[in-house]
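Undergrad: Chain residues, written in single-letter form:
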Amino acid sequence: MNSKAKRYDSIIIGGGHNGLTAAAYLAKEGRRVLVLEKRHIVGGAAVTEEIYPGFKYTVYSYVVSLLPPRIIQELQLPKHGLHIMPLEGAFTPMEDGNYIASYADEDDTLEEIRRHSKRDADIYPVFSNMMYDLARAVRPILTMIPPNPANPGLEGLRTLRAFGSHLKSLGKEKFYWLTKIMTMSAYDFLSEWFETDVLIATQAQIGIIGTFLGPKSPGTAYVLLHYYLGELDGASSNWGHQRGGTGGVSEAIASAARSFGAEIRCNAPVEQVIIKDGQAVGVALENGDEVYGKTIVSGCDPKVTFCKLVNEKLLPSDLVDAISKYKFRGSSGKVNLALDGLPDFPAMQDKALMRAMQEICPSVAYLERAYDDAKYGSFSKRPFMGCIIPSTVDPTLAPPGKHVMSIFVQYASYDMPTHGDRDQQRESFGNAVIDTLAEFAPNIKDLILHKQVITPWDIEQTVGITEGNISHGELMLDQLFFMRPIPGWAKYRTPIRNYYQCGSGTHPGGGITGTPGRMAVAEILKDGN
Amino acid sequence: MRLTPFHPRTSEFCEVYNWSLWQNWLLADMYAPDHIQEYYAIRTACAVFDMSPIPKYHVHGPDADRFLDRIVTQDVSKCSIGEVLYTPWCDDDGKIMDDGLLARLNEHSFRLTTGDPWLFWLEDNAVRLDVVIEDVTDLGVLALQGPYSRQLLKTLTDADLDHLHYFHILNTEVGGIPVEISRTGYTGDLGYEIWVEPHLGVKLWDAIFEAGEAYQLIPFGDFALEMARIEAGLLLTDVDFYSSKKVVYEFEKSSPLELGLGWSVKLDKEYFIGQKALRNESARGPIWKTVGLELDLNSLEAIYAGFGMPLYLPHEAWNDAVPVYSGELQIGKATSGMWSPMLKKYIAIARLKPQFTHPGDRVDIEVTIDANRKRALATVVKMPFFNPPRKKSLGQV
Numbered sequence: 001m002n003s004k005a006k007r008y009d010s011i012i013i014g015g016g017h018n019g020l021t022a023a024a025y026l027a028k029e030g031r032r033v034l035v036l037e038k039r040h041i042v043g044g045a046a047v048t049e050e051i052y053p054g055f056k057y058t059v060y061s062y063v064v065s066l067l068p069p070r071i072i073q074e075l076q077l078p079k080h081g082l083h084i085m086p087l088e089g090a091f092t093p094m095e096d097g098n099y100i101a102s103y104a105d106e107d108d109t110l111e112e113i114r115r116h117s118k119r120d121a122d123i124y125p126v127f128s129n130m131m132y133d134l135a136r137a138v139r140p141i142l143t144m145i146p147p148n149p150a151n152p153g154l155e156g157l158r159t160l161r162a163f164g165s166h167l168k169s170l171g172k173e174k175f176y177w178l179t180k181i182m183t184m185s186a187y188d189f190l191s192e193w194f195e196t197d198v199l200i201a202t203q204a205q206i207g208i209i210g211t212f213l214g215p216k217s218p219g220t221a222y223v224l225l226h227y228y229l230g231e232l233d234g235a236s237s238n239w240g241h242q243r244g245g246t247g248g249v250s251e252a253i254a255s256a257a258r259s260f261g262a263e264i265r266c267n268a269p270v271e272q273v274i275i276k277d278g279q280a281v282g283v284a285l286e287n288g289d290e291v292y293g294k295t296i297v298s299g300c301d302p303k304v305t306f307c308k309l310v311n312e313k314l315l316p317s318d319l320v321d322a323i324s325k326y327k328f329r330g331s332s333g334k335v336n337l338a339l340d341g342l343p344d345f346p347a348m349q350d351k352a353l354m355r356a357m358q359e360i361c362p363s364v365a366y367l368e369r370a371y372d373d374a375k376y377g378s379f380s381k382r383p384f385m386g387c388i389i390p391s392t393v394d395p396t397l398a399p400p401g402k403h404v405m406s407i408f409v410q411y412a413s414y415d416m417p418t419h420g421d422r423d424q425q426r427e428s429f430g431n432a433v434i435d436t437l438a439e440f441a442p443n444i445k446d447l448i449l450h451k452q453v454i455t456p457w458d459i460e461q462t463v464g465i466t467e468g469n470i471s472h473g474e475l476m477l478d479q480l481f482f483m484r485p486i487p488g489w490a491k492y493r494t495p496i497r498n499y500y501q502c503g504s505g506t507h508p509g510g511g512i513t514g515t516p517g518r519m520a521v522a523e524i525l526k527d528g529n
Numbered sequence: 530m531r532l533t534p535f536h537p538r539t540s541e542f543c544e545v546y547n548w549s550l551w552q553n554w555l556l557a558d559m560y561a562p563d564h565i566q567e568y569y570a571i572r573t574a575c576a577v578f579d580m581s582p583i584p585k586y587h588v589h590g591p592d593a594d595r596f597l598d599r600i601v602t603q604d605v606s607k608c609s610i611g612e613v614l615y616t617p618w619c620d621d622d623g624k625i626m627d628d629g630l631l632a633r634l635n636e637h638s639f640r641l642t643t644g645d646p647w648l649f650w651l652e653d654n655a656v657r658l659d660v661v662i663e664d665v666t667d668l669g670v671l672a673l674q675g676p677y678s679r680q681l682l683k684t685l686t687d688a689d690l691d692h693l694h695y696f697h698i699l700n701t702e703v704g705g706i707p708v709e710i711s712r713t714g715y716t717g718d719l720g721y722e723i724w725v726e727p728h729l730g731v732k733l734w735d736a737i738f739e740a741g742e743a744y745q746l747i748p749f750g751d752f753a754l755e756m757a758r759i760e761a762g763l764l765l766t767d768v769d770f771y772s773s774k775k776v777v778y779e780f781e782k783s784s785p786l787e788l789g790l791g792w793s794v795k796l797d798k799e800y801f802i803g804q805k806a807l808r809n810e811s812a813r814g815p816i817w818k819t820v821g822l823e824l825d826l827n828s829l830e831a832i833y834a835g836f837g838m839p840l841y842l843p844h845e846a847w848n849d850a851v852p853v854y855s856g857e858l859q860i861g862k863a864t865s866g867m868w869s870p871m872l873k874k875y876i877a878i879a880r881l882k883p884q885f886t887h888p889g890d891r892v893d894i895e896v897t898i899d900a901n902r903k904r905a906l907a908t909v910v911k912m913p914f915f916n917p918p919r920k921k922s923l924g925q926v
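One line per chain: the protein sequences are V and A, in this order. For what it's worth, our numbering labels the leading residue of the first sequence as 1, then goes sequentially. For what it's worth, our numbering labels the leading residue of the second sequence as 530, then goes sequentially.
FYI, nobody ran anything at the bench for these hints, they're computed from the structure. One or more of the hints may lead you astray.
Unchecked claim - Derived pair list, reagent style BS3-like, types lysine-lysine, alpha-carbon separation capped at 25 Å:
#1 Lys79/V with Lys683/A
#2 Lys911/A with Lys79/V
#3 Lys28/V with Lys911/A
#4 Lys732/A with Lys79/V
#5 Lys402/V with Lys921/A
#6 Lys732/A with Lys351/V
#7 Lys327/V with Lys79/V
Only chain A is shown next, with the shape it has when bound in the complex (with noise of 0.2 Å):
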């Protein structure tokens, strides 16, 4: 098990004991005995989480830029010096293996964040190309999300934010330590995340934390995050789709057309793994669609009333599959939902058959209560559920 660089900080904030390991880090869920407060300081003030453990590589070389539009779906040539591009990437059948953000840092260097750990196989996949591939993952990573989260930072740095765009990258100090600041996030909301050498991590929570008290500036933990994440529309890799190198069948694999991501998958590029495949998947057209779900409340109310209780709302994020229906038919499965406080509906993410995915099409959702199977009304809507303009734009001049 390790510790990220700011463990000595979480651990101060975190009055709850409850922590949970990722990649074998470990990370708290919530600090307070209330991961609401967190979840509503992201989109009310601002707030932070410590997201060091995700897994990230630098990639230098003149063939960097080759080697990474070989594995990526998206096209490599069109992210400029200082922007960030969201991708998925692919097995030879052309199956979600994961999907992350690629930065182009320098004219031939890039960092590439990933959900699971993939040294291995990017360094296979490098065979003969004049490559480095590094695991920086040691490096500390804050995200700084929320509607005050540029203006707390601007206070704290010279750097330009008000023109930095969204999903793009700078380097400047933040409370005099160097660090770069990227403007992206997993919460759906306007929000950074600050890169910092590992021995520097307190150093620069401390300085955040100090100038964030203005701005009621608190942790978050995995619970807050889940339920942006939902709320945003973000896929979850093992909760809304598996990697295809961590599941046996074929059945449990999916496409990044499947899962909406379609818009990241550019076909006619020069080959990349997988490109066969979902080329013809494309002109096939995938055998499902990802869509959100409303859940009707009424009907959601009147079945528990039929067990004598009061309506119930899940507060937490679900992230179990269950299953959607059209009339007897089963049409798939949502993957997690939640209430959402923000916008007081009851949302969650489906995997469904394309001909029932037309926005305003009504479905029935399973319910159990206490091993009791109902079904509640829901209809398709699209994602993501939340989004403010705040997210892309410029901030005041």
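Isolated chain V (complex conformation) (with noise of 0.2 Å):
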């Protein structure tokens, strides 16, 4: 070791936005913090990048909604470039031509959903009431250290106590829809509330994202109440654009750990965490440097953290095993458009939807299907798309007139067949997306500068997350709390000493919200590290 090398109390390996958060916090306490990006970028998914001149594309992720105010104000993010603004509304084309949408305000959205039925219009203020209750019974529970019930402890018995009677003073009815929420498909939830079809398919889209599932599979419902979880100043389950893109976010929180006094090297890609006596000391770089630390904290997915940057045999072989079936199952693809004006839906009769998300499922079945093709390791012929132009809130994104649109879309198998070579894939992919949102929006094709096409596999290669799975793993219930990632191992810590993990893969899951970055430094901290 090189005496004269600078010595750190904890190096983060990644610079996502749970690694900055770790980053920031840890150095907010008056550690000397290092973080280690392998990109020219930090933000890992939440990047935005100028991919074609002129036009900033929020590339991986695109919505913000699960950063907890909470961490807002602890690192002052405002200070630093955060800038939220909402997202209201949505946008629903139909194949025959009607459409349903949802706006900022709720009479609005009352009257349109009367337009299609009169009963779940008068349902939908209790269904909007319930799914409220419900995030706000849930939300307590992602700022919890996941106490494991089989092996509790006195700290977890007391989180597990204190866990009980909130459930308790949820009261009995709560309490039931609550345990179908967790239990059920997105459809069947749904269904025991409504009977538009194109409503249930407006929502149960929402428990799909991320997840290698249908609306019809068991534990989507879980999902949909999971992106309920958000808010936005103060308002429960609203979601927001950052300005320039998600990469604002990640900005604003280096720039917050910055200023707290972290270290941030970027196109500094980590080859393997260094281990002496059973205990992480340091990491040695791919370009064949060593930087030491007391503590080290991966904010990579679980495969990348136990089985990537450590030596496997290091590991008892029951942990390999479990994270070797860990479900990453990425299931999602982006596409970025530059566009030379805006998209004309003919079904779009209020212009300010433009503004809203414009939702490519109208209906069950068509989600389903959508489904079907990927089950067989295909992507879907016409996929499920969530729409966002977030130039028309946001002028920083492109050239005056001209519009960025945030394509979301599943299915995108990260096992695409295996015949033909991946750009030819990514290449029908690509066409498939265009041409379904044609179907609803004819003059796309016409106004399309630039085309960027983003699959699963692309994510695993630029963003480094095991079969790019935007969550670092699915959100089942086998891979959530207190068995996230795996059974034993769901407080932040590995076997060994030292060295941690802060990713989506960690409790409470993925999404923009730092929250695995906090909760991990609180562990770290508790380890008097």
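From these two lone chains plus the hints, build me the complex, please.
TA: Shown next, in the form of structure tokens:
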């Protein structure tokens, strides 16, 4: 070891938003922190890049909601450039030329649902309230260090007891709904409420985001709830755009981390964690450099954390086995478009809905069929799409009069067919997206100045997330809470002393939440590190 | 009731029929069902506010300088041609009557904008002076505010906007329409106010909105303006203070020094109304100071939790006076406040006893939930709450 080399208290592997959050909290506690990011920019999957001159794509992720107010305040993120504008409403064109929309104003939404079903319009406010109540009930769990019921320990018992009385305080009815939402499929759950197919589809699509499941697969109702857990300015489950794209969130966290004294090094891919006597002492970079620190924190996904950054042989074989069975199954792709103007959806009556999310999920059967294609290892011929045109509220993203469209696409299987090469598959996948979109917005093809198509494989190649799963592993009940990523190792620690995990593969999971980063730091500090 | 020169257009845009009266002029509170989009347009892109109803006076003649210097607390002799001053004016007791902007259009020619109409009072004070005071309130004024306002305006005019300094004016054409552009505003952001003859109002609106489409331009109403001005730490008449001419009792009046406007009171210039009282007050020290407060969200959340409620954040500005305490002692009041979506903070403007106004001082602010009075923690901070460099910076050349 070079005695002159700077020693750090904490070295964070991966400058994704969770790694940066951990860095910021550790630096705030006075630790000397170094973040090592393999790419030329920080942010991981929350980055903004100018792929085509003059147009800024929020390349992978695209909307923000799950970043808790506590983190925003503790890290003073607005001072560092956090600027989230509400994404209000949604527009879903249907195959018969009709549409369904939701608005910022609840009365407008109800009037719209009434156009489809008077009964559903009457029920909708009750449903909304129930979802908000369930979100409120579950939100404390997100910031709870998950106790292992099989081996709780004293502290875990205390948490479980608090958790138990919290559940009890919900009352019977909500508890039943909570149990249902934890176990049912999004479709079954929603069908207990609504009769309008397209209304169910617009809700059920939330339940499939980032999973390799269809709307009728059990477990998807929980995912629906997961995306209801966000809030914006105290308004439950509202989503927003970061000015300048989601990279702006990462930049804000990075800036906060730097203001507390953290050092962030880009273009610094880590090869391996250096382990001596069963204890992590530093990292070896791909360029051969070694950096030493008292704690090493991985913001990477569980597979990378356990099986790539350390030698598997140093780990218990049951852990390696469990990690190898951990389900990533990246299922979503992204298409980013530079547009010469705004697309024209003939079904769209109110042009203000250009600022809303345009969802291509005209029916439940459409979503389930999209899943059918993917089940057998292909991409959906007519995929589900969530489109936003953030340049309608944020002129920083495109030249005057031009626009960027960010399209979240599902399903794009990680294991697309082996015949043909990756580039060809990406091309056909991109074409399927544009062709399908053109069914609902016929002028889209004439507007496209540039197109970026991203498959889960591309996410893995560039960002480094195994199988390109946006949540670092599926959000399924068997991979959540005290079982995230795997039973026994849910508390941000690893079998190697002073080696921690802080990515979305830990509790509470994916999305731009920063919460795994924040909670990992709480555990690191608890260990006296 | 009167309609502004832009009403044919504001009426088209206002889909929620949410109008109110300002000085007997009809004005939109909001245009779309959610004023938050309008607020974000001010901070992210650009947005337009029809501020035509603001009372405006053209003051000119050989004695115009002398006349104005007698009235306002600012030093008019320091105002060069093309410059704009913010200024309060007071009564003989040094209590604020109103505030506004004073622009020197030419050597002996000024324009004064005010919160309330003051024509008779101005005329009373012009006795024996060679000065003409004209009410030019009919002029149309569009406030184009936001980070992209300059870029948008540059597509419509050859004027050198990049070098137009904060609080300065120039005369030019916008979309071929003769206008005056003043780099001022009530939002605390980069922005301009565009002055136009009333009969050209609609043409100007159309030119700006045609060019504005590429910059996501939308109109904004009073609700969004209220939010922006609180973030900017700008006080509002009849909310954060009352005109001494409109209230009866002494305690309801305030001096510019109490309102944190001391920087605009030039005590050493020649005589002006209220000078003696303000000199005395300055020597003695004002009995109130105006500061910003940031509410502690944890303490607020705990109060709501006590009622089994989630934290409530006001997304519309409030403007009822609320007591502020230090321990058991009431030390003043907060006069307006809101949740700032940009700052992610609950902010308020407050007038407190000076000994409690050091930045970082902890105070308690009353929070009422269904007639239950509770107190949340708050911290004293400096205003403005939001002050981006672009507000004053010059353009890229």
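Undergrad: Hint by hint, which ones does the structure fall short of?
TA: 1, 4, 5 and 7
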